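Using the sequences and the hints given, assemble the complete structure.
Here is what each chain is made of, one letter per residue.
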Amino acid sequence: MTATTENLFEHAYTALRKAQPQEPGWLSELREEAFENFRALGLPTIKHEEWRWTNLKSISGTDWSPAGPVHITEEQLKPYLIPNDDEIRLVFVNGHFAEQLCKRPPLPEGLIVEPISRVLDSDEALQLKLARYAEQTNPFTALNTALFTDGAYIRAGNGITVETPIHVLYVSTVDEPAEISPRTLIFAGESSDIRVVESYVGLGTAARLVNAVSEIVAKGNSHIRHVKLLRETDATAHVGWNEINVERDAGVTAHSICLGAALARNDVHAVLAAEGAECTLNGLVLGRGTQHFDNHVVVDHRLPHGRSDQLYRAVVDDKSRSVFAGKVIVRPGASGTDAQQQNNNLLLSDNAKVDTKPQLEIYTDDVKCSHGATSGQLDPNAVFFLRSRGLDERAARNLLTFAFANDVIEHIKIDAVRNRLEEIMAERFAGLLGG
Amino acid sequence: MAEQNESIQALAEQEYKHGWTSNVDADQLPPGLSEDIVRAISAKKNEPEWLTEWRLRAYRHWLKMTEPDWQKPKHAKIEYDKIIYYSAPKKKPTVSSLDEVDPELLETFEKLGISLDEQKRLSGVAVDAVFDSVSVKTTFREELSKQGIVFCSFSEAVADHPELVKKYLGSVVPYTDNYFATLNSAVFSDGSFCYIPPGVRCPMELSTYFRINSAGTGQFERTLLIADEGAYVSYLEGCTAPQRDENQLHAAVVELVALKGAHIKYSTVQNWYPGDKDGKGGVYNFVTKRGMASENAKVSWTQVETGSAITWKYPSCVLKGDNSVGEFYSVALTRDCQMADTGTKMIHIGKNTRSTIISKGISAGRGDQTYRGLVQIMPRATGARNYSVCDSLLLGSQCGAHTVPYIESGNSSAVIEHEASTSKISDEQIFFLRQRGLSEEDAVSMIVNGFCKDVLSELPMEFAVEAQKLLGVKLEGAVG
Numbered sequence: 000m001t002a003t004t005e006n007l008f009e010h011a012y013t014a015l016r017k018a019q020p021q022e023p024g025w026l027s028e029l030r031e032e033a034f035e036n037f038r039a040l041g042l043p044t045i046k047h048e049e050w051r052w053t054n055l056k057s058i059s060g061t062d063w064s065p066a067g068p069v070h071i072t073e074e075q076l077k078p079y080l081i082p083n084d085d086e087i088r089l090v091f092v093n094g095h096f097a098e099q100l101c102k103r104p105p106l107p108e109g110l111i112v113e114p115i116s117r118v119l120d121s122d123e124a125l126q127l128k129l130a131r132y133a134e135q136t137n138p139f140t141a142l143n144t145a146l147f148t149d150g151a152y153i154r155a156g157n158g159i160t161v162e163t164p165i166h167v168l169y170v171s172t173v174d175e176p177a178e179i180s181p182r183t184l185i186f187a188g189e190s191s192d193i194r195v196v197e198s199y200v201g202l203g204t205a206a207r208l209v210n211a212v213s214e215i216v217a218k219g220n221s222h223i224r225h226v227k228l229l230r231e232t233d234a235t236a237h238v239g240w241n242e243i244n245v246e247r248d249a250g251v252t253a254h255s256i257c258l259g260a261a262l263a264r265n266d267v268h269a270v271l272a273a274e275g276a277e278c279t280l281n282g283l284v285l286g287r288g289t290q291h292f293d294n295h296v297v298v299d300h301r302l303p304h305g306r307s308d309q310l311y312r313a314v315v316d317d318k319s320r321s322v323f324a325g326k327v328i329v330r331p332g333a334s335g336t337d338a339q340q341q342n343n344n345l346l347l348s349d350n351a352k353v354d355t356k357p358q359l360e361i362y363t364d365d366v367k368c369s370h371g372a373t374s375g376q377l378d379p380n381a382v383f384f385l386r387s388r389g390l391d392e393r394a395a396r397n398l399l400t401f402a403f404a405n406d407v408i409e410h411i412k413i414d415a416v417r418n419r420l421e422e423i424m425a426e427r428f429a430g431l432l433g434g
Numbered sequence: 000m001a002e003q004n005e006s007i008q009a010l011a012e013q014e015y016k017h018g019w020t021s022n023v024d025a026d027q028l029p030p031g032l033s034e035d036i037v038r039a040i041s042a043k044k045n046e047p048e049w050l051t052e053w054r055l056r057a058y059r060h061w062l063k064m065t066e067p068d069w070q071k072p073k074h075a076k077i078e079y080d081k082i083i084y085y086s087a088p089k090k091k092p093t094v095s096s097l098d099e100v101d102p103e104l105l106e107t108f109e110k111l112g113i114s115l116d117e118q119k120r121l122s123g124v125a126v127d128a129v130f131d132s133v134s135v136k137t138t139f140r141e142e143l144s145k146q147g148i149v150f151c152s153f154s155e156a157v158a159d160h161p162e163l164v165k166k167y168l169g170s171v172v173p174y175t176d177n178y179f180a181t182l183n184s185a186v187f188s189d190g191s192f193c194y195i196p197p198g199v200r201c202p203m204e205l206s207t208y209f210r211i212n213s214a215g216t217g218q219f220e221r222t223l224l225i226a227d228e229g230a231y232v233s234y235l236e237g238c239t240a241p242q243r244d245e246n247q248l249h250a251a252v253v254e255l256v257a258l259k260g261a262h263i264k265y266s267t268v269q270n271w272y273p274g275d276k277d278g279k280g281g282v283y284n285f286v287t288k289r290g291m292a293s294e295n296a297k298v299s300w301t302q303v304e305t306g307s308a309i310t311w312k313y314p315s316c317v318l319k320g321d322n323s324v325g326e327f328y329s330v331a332l333t334r335d336c337q338m339a340d341t342g343t344k345m346i347h348i349g350k351n352t353r354s355t356i357i358s359k360g361i362s363a364g365r366g367d368q369t370y371r372g373l374v375q376i377m378p379r380a381t382g383a384r385n386y387s388v389c390d391s392l393l394l395g396s397q398c399g400a401h402t403v404p405y406i407e408s409g410n411s412s413a414v415i416e417h418e419a420s421t422s423k424i425s426d427e428q429i430f431f432l433r434q435r436g437l438s439e440e441d442a443v444s445m446i447v448n449g450f451c452k453d454v455l456s457e458l459p460m461e462f463a464v465e466a467q468k469l470l471g472v473k474l475e476g477a478v479g
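Chains A and B are the protein sequences, given in the same order. In terms of numbering that gives the first Met the number 0, the first sequence has 419 at position 420, counting the first letter as 1, and numbering is strictly consecutive. In terms of numbering that gives the first Met the number 0, the second sequence has 425 at position 426, counting the first letter as 1, and numbering is strictly consecutive.
What the hints contain is simulated information worked out from the structure, not anything from laboratory work. Small disclaimer: the values here were computed from a predicted structure and weren't measured. Some hints could be false.
Below 30 angstroms or equal to it, Euclidean Cα-Cα: the simulated DSSO-like pairs (lysine-lysine) are [said to hold, decoys possible]:
1) Lys46(A) / Lys71(B)
2) Lys166(B) / Lys350(B)
3) Lys423(B) / Lys367(A)
4) Lys468(B) / Lys367(A)
5) Lys46(A) / Lys63(B)
Listed below in structure tokens is the structure:
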């Protein structure tokens with residue numbers, strides 16, 4: 000670690016504390032503790048096992064200051080919206096709530112969709128849940144707790160089902176290097192069923208650091224479908240942590256779709272905290288240029304009869320790089336666990352690079368665990384077959400690449416999101432492979 | 000001096016008392032490590048100046064290194080200052096007949112099907128005329144030298160073939176490689192050296208059974224094996240019989256050099272003392288093994304790891320030449336409190352290089368094991384191909400099995416496949432075998448042998464039979 004990182008983010012922290020004197024005491028305490036943690040931990044370097052393939056030089060070299068609120072128009076947002084008739088939409092620009100861009104039709108009873116800043120005083124559940132799940136031992140999580148300005152708070156009461164996806168947009172638009180820390184808390188009460196999409200969107204060309212943390216809690220017998228869409232700019236470093244906590248017989252399906260960012264690191268940490276908990280964690284990386292995407296996934300089976308499933312795929316072109324590290328932990332006593340993990344990588348260029356580390360860590364015998372990882376190029380026989388059917392080389396390759404990526408997309412069980420992603424991919428692959 | 004020796008003895012031996020002699024050899028250096036000790040070791044072995052310098056460079060580098068701690072098995076701190084880095088080859092304690100040998104040991108020999116003569120030799124019974132090691136050695140050497148094969152102890156090689164040793168020593172595992180390899184480079188005691196001339200197919204399996212200098216090679220063994228262009232050699236290390244050794248830390252280095260079109264097959268069966276049921280004592284086996292394959296060459300590792308308290312090794316292949324091939328077949332069995340962190344590294348540098356990894360891990364009791372492997376495809380390794388399978392079998396609810404494969408692909412034409420699974424023996428399988436009249440123990444042993452078949456079939460025939468029995472013996476009492 001260089002000397003400049005010693006007081007990294009001190010400015011941001013001081014500025015933020017000055018700007019928010021009205022915060023309740025419990026939050027100030029949380030922030031103080033978290034920042035202390037961050038100071039002690041410092042930024043990880045490639046010497047840390049979990050960061051060996053992702054270099055944070057671009058982050059540690061800048062003295063980031065917090066981004067201020069900026070006004071943007073609905074027109075600017077348009078390409079990033081998910082067309083849906085009765086959509087529920089929350090928008091944050093540079094980490095500040097942008098009410099004029101939101102859409103909140105009358106919500107079903109028991110559903111709360113609010114910016115965290117508005118319910119800090121009134122919602123006791125928030126106080127009990129916020130920052131209680133995500134591990135503060137991760138420097139970026141600690142940093143987010145210390146620095147977050149605002150974010151979405153979504154709470155579903157017991158027994159309700161909301162089929163309309165709740166779309167949370169975190170937009171960043173900056174003219175000079177700045178840091179943005181959005182925070183999300185999704186809480187599904189017993190036997191509830193909700194769908195949430197988080198979009199991270201970048202406008203403007205200046206460098207920025209987006210450090211996001213989402214805590215996703217599924218109480219007994221509930222179900223959450225979650226999608227994280229990364230559409231940051233080529234000047235953005237994105238670090239994200241999704242903490243997922245699944246209770247008895249509940250299920251969480253989470254997708255991370257990485258389309259844009261200069262450097263992105265996504266951590267998904269799922270704890271199957273009770274018997275019969277299930278989770279499906281999928282991811283897709285479409286890399287080009289010099290993009291660097293790093294997905295780290297940990298599934299922690301703590302009690303018996305849990306089930307987890309992972310499918311991560313990456314398509315890397317040009318000089319882009321994809322990193323995947325998945326870990327399945329089966330704790331002593333978590334018998335009857337069924338855990339699968341699959342990572343497939345497609346390299347389209349000789350300068351692209353793929354690093355993958357699928358791990359199993361198993362401490363009990365009555366389990367069914369397996370993982371697989373592959374890396375390679377398109378099957379020449381498949382290309383040949385399509386050509387023999389009259390497709391030209393480029394169309395054949397595009398079609399196969401699309402199909403490879405679509406295997407992940409088709410698992411998304413929110414129709415509007417899936418359709419939009421298929422459109423985006425169709426556009427992308429028309430030009431991806433060049434002539 | 001005697002007091003120090005006792006403490007080391009206590010450290011190394013702990014529970015295990017068989018076969019230890021407390022005779023202090025006159026020809027022994029004091030414990031601890033310094034430049035003087037390194038020089039003294041070198042001087043005692045009459046080594047040339049360049050080798051002394053090489054050892055010293057390694058020692059100086061070692062001082063700057065810190066002991067790695069990323070591995071899964073944790074161990075008590077090793078007190079490097081208390082180790083005696085040189086003692087002249089000790090005489091094994093001799094007894095006059097097999098009746099005096101520990102009956103438990105004999106029983107194991109019986110189960111493994113080791114011949115009576117062999118049993119005597121292994122347990123240190125004074126050898127008779129029939130099994131005269133000298134005569135065996137002589138006929139053996141004659142046959143090899145007819146073909147121009149050099150097979151001798153490392154010290155002899157330094158004296159007789161300095162040009163070969165100088166050229167290849169450290170060419171695969173440099174003295175700066177890692178903490179234990181560097182330590183080995185500074186203080187290595189002895190080991191084997193083998194050179195197969197161009198185009199020669201070694202007529203027999205070179206084996207430690209016939210090793211010219213097998214006594215007291217000890218703790219810091221160094222093996223250098225060179226197969227010149229188009230040569231072939233199959234080398235066996237270790238044996239299935241229980242190896243009772245007084246040293247706790249084993250930091251060996253094995254370097255394989257396969258020149259153009261050469262083929263080296265290196266098989267290991269390791270059955271060092273694993274410590275008692277509660278994990279007291281036992282050998283720390285921290286080994287660095289690596290093979291360098293030139294154009295069209297092939298390096299193949301096969302290992303059966305059943306002993307040691309902690310096994311920590313990654314036999315690797317550097318596939319430098321185009322079309323070179325690397326293979327790794329491994330069976331690791333841990334029980335009681337044994338721990339193993341083992342796997343391989345396949346570094347694909349040349350074009351059209353291929354590698355296969357088959358790893359089978361069996362964990363019983365409180366055993367804990369980790370497969371850790373790296374498949375790295377360099378950008379210019381066009382057409383590289385890797386296939387890996389790592390399966391783990393868990394026996395008992397207290398054991399652990401972990402899989403940590405690293406895959407780094409930097410070439411779009413490379414194809415890499417990795418799969419791993421973890422499961423226990425199903426009750427149906429056991430039930431089926433039991434209703435066919437097998438005891439539960441035999442049933443488990445049969446299933447485990449089936450599980451390991453892909454690896455065992457890579458071993459030379461006699462070895463494979465013994466290894467199979469060994470797994471059975473090792474599993475005794477671990478099931479139920």
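These are the hints, each one checked on the structure:
no. : hint                  : verdict
1   : Lys46(A) / Lys71(B)   : holds, 17 angstroms
2   : Lys166(B) / Lys350(B) : holds, 26 angstroms
3   : Lys423(B) / Lys367(A) : holds, 8 angstroms
4   : Lys468(B) / Lys367(A) : holds, 28 angstroms
5   : Lys46(A) / Lys63(B)   : holds, 18 angstroms
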